[in-house]
Each structure stands twice: as C-alpha cells, then as structure tokens.
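These protein sequences, in sequence, are chains A and B.
Each residue of the first sequence is one higher than the one before, counting from 1 in our numbering.
Each residue of the second sequence is one higher than the one before, counting from 1 in our numbering.
A few of these clues could be false.
Stated by the list, open to error - Derived SDA-like pairs (lysine to any residue); straight-line CA-CA distance at most 20 Å:
id, chain 1, residue 1, chain 2, residue 2
1, A, K163, A, I191
2, A, K171, B, K74
3, A, K163, A, R190
4, B, K74, B, M1
5, A, K171, B, Q3
6, A, K171, B, W117
Treat the hints as calculated values from the structure; they're not laboratory data.
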Amino acid sequence: MSGAEPADAVSDAIARAFREERAIVLATLIRQAGDFQLAEDAVQDAFEAAVTAWPRDGIPANPGAWITTAARRRAIDRLRRNQSVAQRAERLAELTRLEDQHEEPPMEEESTIVDDRLRLIFTCCHPALEMPARVALTLRALGGMTTGEIARAFLVAEPTMGKRIVRAKRKIADAGIPYRVPADEELPDRIRGVLRVVYLIFNEGYAAAEGDRLVRAELCDEAIRLGELLCRLMPDDAEAWGLLALMLLHDARRAARVDASGRYVALDVQDRSLWDQERIRYGLATLERAMRLRAPGEYQLQAAITAVEIQAPTAEQTDWAQIAELYGALATLNPSPVVELNRSVAVGFAEGPAAGLALLEPLLSEPALERYQPLHAAHAELLRRAGDAEGAARAYERAIELTANAVERAELERRLTALSK
Amino acid sequence: MSQYMLLVYEEEVDEAEQAEREKALPAMLELHRDLSEAGRLLTVRALRSVQTATTVRVRGDETEITDGPFAVTKEVLAGYYLVECADLDDALALARRLPMARWGTVEVRPVASAEDWLNFARRAGAGLTDEDLSTLT
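Given the sequences, and given the hints that come with them, work out the whole structure.
This is the structure in structure tokens:
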C-alpha cells in the first residue's frame, strides 16, 4: 500500500468492501461492543474515514481488517464521549483490550464470523420485535440495504422507516434482547421465525401489485442472498434449503409473470421460454439438497409443488396427481383452508371436477375464506367443467364482487361472458 | 444480570374455574422455590380482586378518585414478579413457565437500573444526597 491511488480504483475498493465486508465487520463489532447502535455508527464512521484515507495512503492490502480496526477505534471514541450507554466501563475495557492486543488484527476465524452473523440474524429476527422492524433490521444489518432503499421498497416514507429502525435498536438495548444463538429448546422455533422473515421479504418483492418493479426485484434478490447465507450458516437445516429452493423456483419465472403492458400473467398461460433455466437448475439442485436431509417441512413441500409445475413441458402436461399428493402432505403438516383449496384444485385436474368439488364445497362455509376471491373463482371453474353453467355464473359473480384488481376483474368477466356462448 | 418485572394479567373467574386454576399451585410454588434458591426472585405478590381497585388522578386543583382499575379490561392485573435475569430471552423463558401464562397474559418489562434512574434524576436537576443514593440503590 503506497502512494496516491486513482479515484476510480478507490471508490471501487470502498464499494466492494461495503458490499462484502460491512455485514461481517458489523456482526463482530456488535458482539465486541455489546451495542447495536454504537457498532453501526462506528462502522459507518469507518467507511467515511476510508473515503479520506484510502486515496491518500493507498488501498490497504486487507480492506476488511482496515475497516475492522477503524470501526473499533471509532467505537472506543464514541464510548468515551457517550456517558449514557449502559455498562459503558465494561464495554470500553473489552474494546481497549482488543485494541491493545494486536495493532493489525488478523481477520477473525471463519467459525467466529459464522457465529457472529448467526447471532445477529437471531437478534434481528427476535420475536419480541414487531414484524416490520424484524424485516427492516434484517435487510439493513445483514443485507446491507440503506434505510432509504428499504423505505422505497416497502413504500413508506424514509423518516418513518428510520424511526422504525431506531425504535427497534432501542428495544434491543433497553429490553436486553440478547446477541446470541438461542438455546437448543428454543432453536427450532426461532429458526422458523428467521425463515419467515426472509420469506416475507421475498414475497413483498414477488407479489408486488404496485410500486416500482425494479426496487421490488431488488427485494427478491436480497431475500435470495439471505437465503443463501442461512444455508451457509445452518447447512443441516432442511427447511433453510427448502426456502431457498422455493424462492429460486419462483424467481426463475419472474420475467414471465408480467406481459409487455405490465399486467400479471397467470402460471398456466405464461410463456415458458421466458423462464430462467439456470435459476431453475439451481433451484432444483437446492431442493434435492434439502430433501437429502430427510426432514420434510412446509417450504420443501411448497418448493416441490413448484418444481412439478415448472418441470412440465406445457401447462396441460402438468402432473396434477403428484401436485395433489404434495398438497395432501402439506395439509397434514400444516392444515389450513388455503392449502385445502389448492389441493381441491389439483384434485379437480387430476381426477376430474366432481372430485375437486367434493373437496372444495366444505370450504365455502369456512368463515376465513368467505371473502377470499380465489375460492369463488376456483369454485366457478370446477362447476363450469362439471357442466353446471348456472352455478358457475353465480360463483363468478361472487368472485368479481370480491376482487379489487382491475386485471383480475376483466379476466373473470371474460370467463363469465364465455359461459353463455 | 438485569431486573425484569413480570406482570400477570388474567380474567377473574368463578369459584369452579378458580379451583381448576389452583391445581397449578404446586408447580408454581416449585418454580418460586427454584428462583429463590438461585437468588433470582426479588419479589412475588398476588393482588386482591380488581373489584377492590381505586384510581386517583390529580388535574390542576382537582383530585378525582374513582372506583375501579386504570382501564376496564377483560384481563386484569392480578400479580407481579420482580426477578433477576441474564437477558430478555431468560425472562421470556421464565414467563413461559408461569402457569398463569396458560390462561392469562404475562407482560415482561425490563426495570430501569438504579444507575439509569439516578442519571435521569440528576439530569432533571434533582439535588441528590449520599443518603438519597443509598436508599435508591
């Protein structure tokens, strides 16, 4: 490291360090400093310092180590100035000890990095935080999105998102949410909670009916990166692999889900040549890896259903019997009226409309589904195929009544009109 | 170690239901004994029925005394624990072990440390004597 560096090389190096090292440095410093906010501020300071120092002194040989050292020094400075941090003396002593130990620290051991990042994930996804805060903290601390980017992706004002994040960090500090991988008896529950946060981030990007599609795609990418991180950190958790597979297989169809005018395109009429074959291969391999662990779960079953849909050469050639069977397994694992509805549709294709109707009709009296448009649309389809045009018309009318989406309404109206032809 | 208060809320029920709940007493007492032996149980108290509650509000020169609790709710404050815990997870695990969590609700609140409270009082301009400090900490 010597002499002045060209400006481009420096900004590239800083951007790369930010992308690759920030989350790791942050996770470690949170453990060492024992304070989320303090660590985040100190890491921010360190990157700002790099902007001045690297063009002058040259890009360090090990940018991650440089940022780690700089961030720790800033944390010490901040702690010395700030009287109000709880257990300030203790934390200061620990940081100073680390500072004296080695002038130029070797990067932490790989296993320590893994542990620190896991701890941070469990802190960010702690059930004592409200769900939107879990999502925002996870994206910020692990995904490396800025508050502004998160705010835009979730269609809220930046100050609102900023306040949400600050409130969550304050709760972590004041309520004593630990920075620790949960005890064995709590672990399965807590892992489910983490996976749910990541899936929610993905769905927010994937199921977007409004908003800037580009920003939303970024949420899908970020969720997939988080999914990959979870698999790396918890390679023995079958559901972590299952979730990653599910997200990949959905995401592979991203380009085919909207037509040229930006309208939603249903799976059975999508242009299959637009599907991303490489993503599909990656998704299928990930699903296989999940199933080798022999611990079935919800995400794996949903991914398996998607895999069957995707592997059919055309929509007509879909193996509905297998899909019906997978929905049956899902219903056993996690009974829900929506799963039951999907099963009845699959059975309707596999065994004929009468068999589908037999499963669907009990759901019509389910209070949770009373205003659920897809139930009435599916009911209408089955009745139409069973030859009951009058019943189908009534069900279509009910579905049209319940839809708020103009594209959906047009499609349902088209089907209703087609009945009388 | 930090202090947490566990506030127990439950519905007040008839005698038959109450007798059913009392079957959990031995397990609860055992939990209390465990906590005491570990030096973690600072206080545990049950409150008398919410029908005995009285609220006081002073607004300007007016004092308003009302029969009844702070807010009329189905589940009412029935008792509290003051315990020492390593962190929130530790406190939540404890709350989960309370039999009352099965039929009622347990609210877990971190207690501000004496140091925090003193800093707050000083910032607010309170002149604190050594004697004050010893009674507060």
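Where does the structure disagree with the numbered hints, that is, which hint numbers, in rising order? 1, 2, 3 and 4
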